[in-house]
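In order, the protein sequence lines correspond to chains A and B.
Residue numbering for the first sequence follows this note's numbering, starting at 319 and increasing by one per position.
Residue numbering for the second sequence follows this note's numbering, starting at 319 and increasing by one per position.
Just so you know, not all the hints are guaranteed correct.
Intra- or inter-copy, both count: the list cannot distinguish identical chains.
Straight-line Cα separation of at most 27 Å, BS3-like style, residue types lysine-lysine; simulated pairs [what the hints assert, rightly or not]:
1. K537 to K586
2. K575 to K362
3. K667 to K362
4. K362 to K582
5. K537 to K667
6. K504 to K612
7. K536 to K501
8. K575 to K338
9. K575 to K612
Hints are computed from structural coordinates only; laboratory data are not their basis.
Small disclaimer: the values here were computed from a predicted structure and weren't measured.
The lines below spell out each chain.
There are 2 protein chains.
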Amino acid sequence: MLEVAVIGCGMTPFGEHYGKSLRNLVEDAYLSTIRSVDKGIDPKDIQAVWYGTLASSWASFPIPDFVGLSQLPVSRLENACATGSDAFRNACFSVMAGIYDVVLVIGAEKMNDEPCSSLWNYQAMENWNIGRSMPGVFALRATRHMHEFGTKREQLAMVSVKNHHNGALNPRAHFRFETTVEKALKSRMIAYPLGLLDCCPMTDGAAAAIICRADIAKKYTDASVQVVGLGLATDTSYGTMTDEQLVGFPTTTKAAKEAFQMAKLEPKDVDVVELHDCFTITELVSYEDLGFCKKGEGGKFVEEGRASLGGETPVNPSGGLLAKGHPTGATGVAQIVEVFEQVRGQSGKRQVADAEIGLTHNLGVAPEGSVGLVTILRRGT
Amino acid sequence: MLEVAVIGCGMTPFGEHYGKSLRNLVEDAYLSTIRSVDKGIDPKDIQAVWYGTLASSWASFPIPDFVGLSQLPVSRLENACATGSDAFRNACFSVMAGIYDVVLVIGAEKMNDEPCSSLWNYQAMENWNIGRSMPGVFALRATRHMHEFGTKREQLAMVSVKNHHNGALNPRAHFRFETTVEKALKSRMIAYPLGLLDCCPMTDGAAAAIICRADIAKKYTDASVQVVGLGLATDTSYGTMTDEQLVGFPTTTKAAKEAFQMAKLEPKDVDVVELHDCFTITELVSYEDLGFCKKGEGGKFVEEGRASLGGETPVNPSGGLLAKGHPTGATGVAQIVEVFEQVRGQSGKRQVADAEIGLTHNLGVAPEGSVGLVTILRRGT
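Chain A with its partners taken away, still in its complex shape (with noise of 0.2 Å):
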């Protein structure tokens, strides 16, 4: 296997853009993926194209028209809510395969617009017309946690706290207001125990990255950044979810481990975490799932500022899903996005100090089962 490596990565400002196409956010993420590149690159070094989006399109195939990068290749991953993170992963794969030196991987997603909103729509009606809404989904393993573990609804609130105010740090993120632990508990009901303020919102944005073997990435920059563990990993549930089921992700669990053997690393050795919390329960549970802490201890984690800025393993230092917002298609590079700085030492005031091995999970849950992914990225050496 040839060894693989980021050497550039942007993103648009995520938030509401009813002002800018799908078309337009692509443009916006690779045009800044471009200028990231510390030494420049010359786009026709790029032979292929990943594209993961959810919900925002059919053919793909304009894709690389839109950047300039016309007649290239382009294959679209869809992964549920983790899209843009199997992209990632795909496109890894064919560099690692020795197929290509050079590719470039897009997250996009319109959430609030056509024909997207109308796609979500269709599979509301179709599946959650009896309570099984993503809230609904979420706040059933919320209470099944408080029930056998004692976790607080103000645990959950932490969460909330701890991710806007990181958010409010990140010029690109959706939310950039801080709040506190009463006003996520007095925050509107959507599914007990899960308030507004414990939900992510619907989000418009792009994010993009290239990859390129590990041993011509000195060409484009001397600080590339190594992919040094993938994990994928799906499970189902129906109506029936097992205990493990409804107090985490076992997709997790076994995205992560097969991460860390692939690495040779474990949880421990992690710097800087960027991880899918829809909700924030998700994020509690997900410390738990990928061996931060142990299972049941989550609400601990977060109680005890091990997941803040400045604690043993910073979580979200974007602002999360919660925060910076969940555009799916994007969402899975855009934590590589932020890991990718983060290693670098270019994330400004969210800066975690010294970091050098961060790591992204990503997550698709639907009333079927789940899919679970995480990636490992080391500062180049």
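Place chain B on chain A using the hints.
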């Protein structure tokens, strides 16, 4: 790059499957694939799944569970009508990279049922309300080819006659009737010069293949089939097609060039071809674009019987999309199934004598542009 081999292939009969769910089709294709492995395979050897579907699902994580491979990683690929071929391509990359030893590719589509049929209609209303339906988009190319090169409607009809002849020999084909040039010319006009018998049907079905590292293929079969070439290209046209785009598909030419280079082979080396004949004109121009004859000579190529069973380069012995059918996500994988069986001498009455090297060609077209994908397979040594 590690060498990659196909060790098993299977598919459902193609047709209208109102009585079967998408899950049933996936199960049937999987079981026939497992059973096709000469020395047997423990399903636990399969480490990951690639799933190709254009419109029949979002969340693909139940797919491994459908076939008893719970918790395996699965990635959904979508690339317009070339979806199944690109799922195969990405699966190959993961094995070439050394990430997995044995992986499964499944392509499936229910074209005639919900939710797929609604989505087709949705797309049709959005994009094709000014005559740019699929038949319309291809009819434009047919009239131009007739104008430029003197191609005749009779020659288009000969493609239909040939492929329906082959389809009648294929127990898994959607249509199993012979036709004549006269009948094809008199069939109901859809978009001039394309009559009903120039058009492929709306078909349901699934197909699958098992890919492994070539160096362990002997564990499973003494007759594995090597993947020696892969090429993918895109282009765009919007409302302004170039002369080249009007009389063919530059994406086919580019993808074929890449695949032939990787395989170190030339068009004259190919013994059997499965190509994308969504309409008769598509097959005719693809002879030219793939390099089996010169540009403009496609009509003569079919008229002289050079693409027939027994001809110099038999094309679509399965019946192709015109007779076997075109369940979008399954089509590319089903082309692999046919070539796999042909080079192993398992194709019964439609066997191409002593076929050793086979090529599959898939194409995706929308008003915005096109995607071409070529795969070259070779009987294992």
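Do the hints match the structure? See the list:
1. K537 to K586: Neither: 32 Å inside a copy, 40 Å across copies.
2. K575 to K362: between (37 Å within a copy, 19 Å between copies)
3. K667 to K362: neither (35 Å within a copy, 48 Å between copies)
4. K362 to K582: between (35 Å within a copy, 24 Å between copies)
5. K537 to K667: Intra 30 Å, inter 56 Å, cutoff 27 Å: neither.
6. K504 to K612: For K504 and K612, neither the intra-copy (29 Å) nor the inter-copy (73 Å) Cα distance is at most 27 Å.
7. K536 to K501: neither (48 Å within a copy, 64 Å between copies)
8. K575 to K338: neither (40 Å within a copy, 37 Å between copies)
9. K575 to K612: within (15 Å within a copy, 54 Å between copies)
The structure fails to meet hints 1, 3, 5, 6, 7 and 8 from the earlier list, while all remaining hints are met.
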